[in-house]
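Residues per chain, in single letters:
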Amino acid sequence: NAGVTQTPKFQVLKTGQSMTLQCAQDMNHEYMSWYRQDPGMGLRLIHYSVGAGITDQGEVPNGYNVSRSTTEDFPLRLLSAAPSQTSVYFCASSSRPGQVREKLFFGSGTQLSVL
Amino acid sequence: TQLLEQSPQFLSIQEGENLTVYCNSSSVFSSLQWYRQEPGEGPVLLVTVVTGGEVKKLKRLTFQFGDARKDSSLHITAAQPGDTGLYLCAGVGRRGSNYKLTFGKGTLLTVNP
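Protein chains in written order, with our numbering: chain P, 91 to 205; chain R, 1357 to 1469.
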């Protein structure tokens, strides 16, 4: 059972470089999301999608772009990386978004360092 | 804005000890979730509590939702090294016609053999 798969596991970028964090899920979930996790800050929602072709901003969207062309994939793009984007990034999917018994399935994370 | 405060932030105990971690808010939540996150991995859902006063048990872990649905606690009996990890609470609250998930900052538990 693959669940939610994130790649790469680790990445080092220089300021100004661009990259895409990949996320794929095989559970046929309509809802997918991206979080960043920083020490002392908890998990913060970056962007989310309720289905193919539909995306929306979370609480910390600046500096990140997303698109959702298929149900399975939800890539996160950094167009011009900044040191403030150094963080651990998690992709998550849900079968019951916005419901009282919502259950999020998380990937194993991407640790990103921007120098 | 709905906020969840977790305490303590860090907890280091010896194997066999009991412990309780807390998740508090001034807001009412429709449900409260607890996740455990191990180093290098993503959070994994442990339990969801929905009804005020609800108590759920998962082996040595006991979860309770406050009567007013503003707070929750996680009690671990006879902690083991395998319980080591970051424990996150998350509240499901109303935002317009939808529900929104809000995470606390977590309690980092270390159980020493």
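Any given hint might turn out to be false.
Stated by the list, open to error - To be clear about the criterion: a stretch of chain R counts as covered by chain P if any three or more of its residues have a C-beta under 8 Å from a C-beta of chain P, and this derived list gives those stretches:
(1) 1410 to 1422
(2) 1435 to 1441
Stated by the list, open to error - Okay, derived cross-link-like pairs now, DMTMM-like style, lysine to aspartate or glutamate, Cα gap no bigger than 25 Å in a straight line:
(3) R:Lys1413 to R:Glu1371
(4) P:Lys193 to R:Asp1423
(5) R:Lys1456 to P:Asp163
(6) R:Lys1456 to P:Asp116
(7) R:Lys1426 to P:Asp146
(8) R:Lys1412 to P:Asp116
(9) R:Lys1413 to R:Glu1373
(10) R:Lys1412 to R:Asp1427
(11) P:Lys99 to R:Glu1397
(12) P:Lys193 to R:Glu1371
(13) R:Lys1413 to P:Glu162
(14) R:Lys1413 to R:Glu1394
(15) R:Lys1415 to P:Asp146
(16) P:Lys193 to R:Glu1397
(17) R:Lys1456 to R:Asp1439
(18) P:Lys99 to P:Glu162
(19) P:Lys193 to R:Glu1373
(20) P:Lys193 to R:Glu1361
(21) P:Lys193 to R:Glu1410
(22) P:Lys193 to R:Asp1427
(23) R:Lys1415 to P:Asp163
Note that these hints are calculated values from the structure, not bench results.
The beta carbon of each residue, even a glycine, is placed where N, CA and C say it ideally should be.
A quick look at each hint next to the structure:
{"no.": "1", "hint": "1410 to 1422", "in the structure": "violated (count 0)"}
{"no.": "2", "hint": "1435 to 1441", "in the structure": "violated (count 0)"}
{"no.": "3", "hint": "R:Lys1413 to R:Glu1371", "in the structure": "20 Å, holds"}
{"no.": "4", "hint": "P:Lys193 to R:Asp1423", "in the structure": "23 Å, holds"}
{"no.": "5", "hint": "R:Lys1456 to P:Asp163", "in the structure": "22 Å, holds"}
{"no.": "6", "hint": "R:Lys1456 to P:Asp116", "in the structure": "24 Å, holds"}
{"no.": "7", "hint": "R:Lys1426 to P:Asp146", "in the structure": "28 Å, violated"}
{"no.": "8", "hint": "R:Lys1412 to P:Asp116", "in the structure": "30 Å, violated"}
{"no.": "9", "hint": "R:Lys1413 to R:Glu1373", "in the structure": "18 Å, holds"}
{"no.": "10", "hint": "R:Lys1412 to R:Asp1427", "in the structure": "14 Å, holds"}
{"no.": "11", "hint": "P:Lys99 to R:Glu1397", "in the structure": "10 Å, holds"}
{"no.": "12", "hint": "P:Lys193 to R:Glu1371", "in the structure": "30 Å, violated"}
{"no.": "13", "hint": "R:Lys1413 to P:Glu162", "in the structure": "34 Å, violated"}
{"no.": "14", "hint": "R:Lys1413 to R:Glu1394", "in the structure": "20 Å, holds"}
{"no.": "15", "hint": "R:Lys1415 to P:Asp146", "in the structure": "39 Å, violated"}
{"no.": "16", "hint": "P:Lys193 to R:Glu1397", "in the structure": "17 Å, holds"}
{"no.": "17", "hint": "R:Lys1456 to R:Asp1439", "in the structure": "28 Å, violated"}
{"no.": "18", "hint": "P:Lys99 to P:Glu162", "in the structure": "19 Å, holds"}
{"no.": "19", "hint": "P:Lys193 to R:Glu1373", "in the structure": "30 Å, violated"}
{"no.": "20", "hint": "P:Lys193 to R:Glu1361", "in the structure": "21 Å, holds"}
{"no.": "21", "hint": "P:Lys193 to R:Glu1410", "in the structure": "18 Å, holds"}
{"no.": "22", "hint": "P:Lys193 to R:Asp1427", "in the structure": "19 Å, holds"}
{"no.": "23", "hint": "R:Lys1415 to P:Asp163", "in the structure": "36 Å, violated"}
Checked against the numbered hints given earlier, this structure breaks hints 1, 2, 7, 8, 12, 13, 15, 17, 19, 23; the rest are met.
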